[in-house]
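Counting from 1, one number per residue, gives the positions in the sequence shown under the UniProt record's numbering.
No lab work stands behind these hints: they were computed from the structure. Hints are not guaranteed to be accurate.
[Claimed, not checked] For lysine-lysine, the following DSBU-like pairs were computed, each having C-alpha atoms within a straight-line distance of at most 35 Å: (1) K41 <-> K26; (2) K125 <-> K75; (3) K26 <-> K8.
The model shown is predicted, which means the values in this text are computed figures rather than measured ones.
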Amino acid sequence: MISMQDQKLLGLLRQNARASVTDLAKGLHVSRSTVQNRLAKLEAQGIIRGYTLQLGGEYAANQVEAHVSVKVHQKLTARTNAELEQITQVCQLFSVSGEYDLIAIVQAQSLEELSRVLDDIGNLKGVERTNSAVVLETRFRR
């Protein structure tokens, strides 16, 4: 478990991972050194593994995203995971329970590119079948 203060810190970082230590300290009403110490502790504990990029503006608005459920031949799971990791448009991959084994989050610059990537995923040797849902609108993202 982490403290409520650390949860607030993580929330601020989710909003802006590039926020300065000064801005984080102001947002939490604590000193800069307290924030620096908390960040160091969260990083050392592996709670914070890194800081990521969030696309914005017109580029992000023009991205097409799909959630792709993937049924995998069980003996080829590791190989399929590795091959999916090599597809740059696959930005996240989740192992899930249920009828499908994986959910891949795919982001492309056009419907044509998305279609090509979906075909690439479906043609991987370990993939038995896929089911895709194209995101029509993102209501919020943390």
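| message | Tell me the hint numbers this structure goes against, listed in increasing order. | response | none
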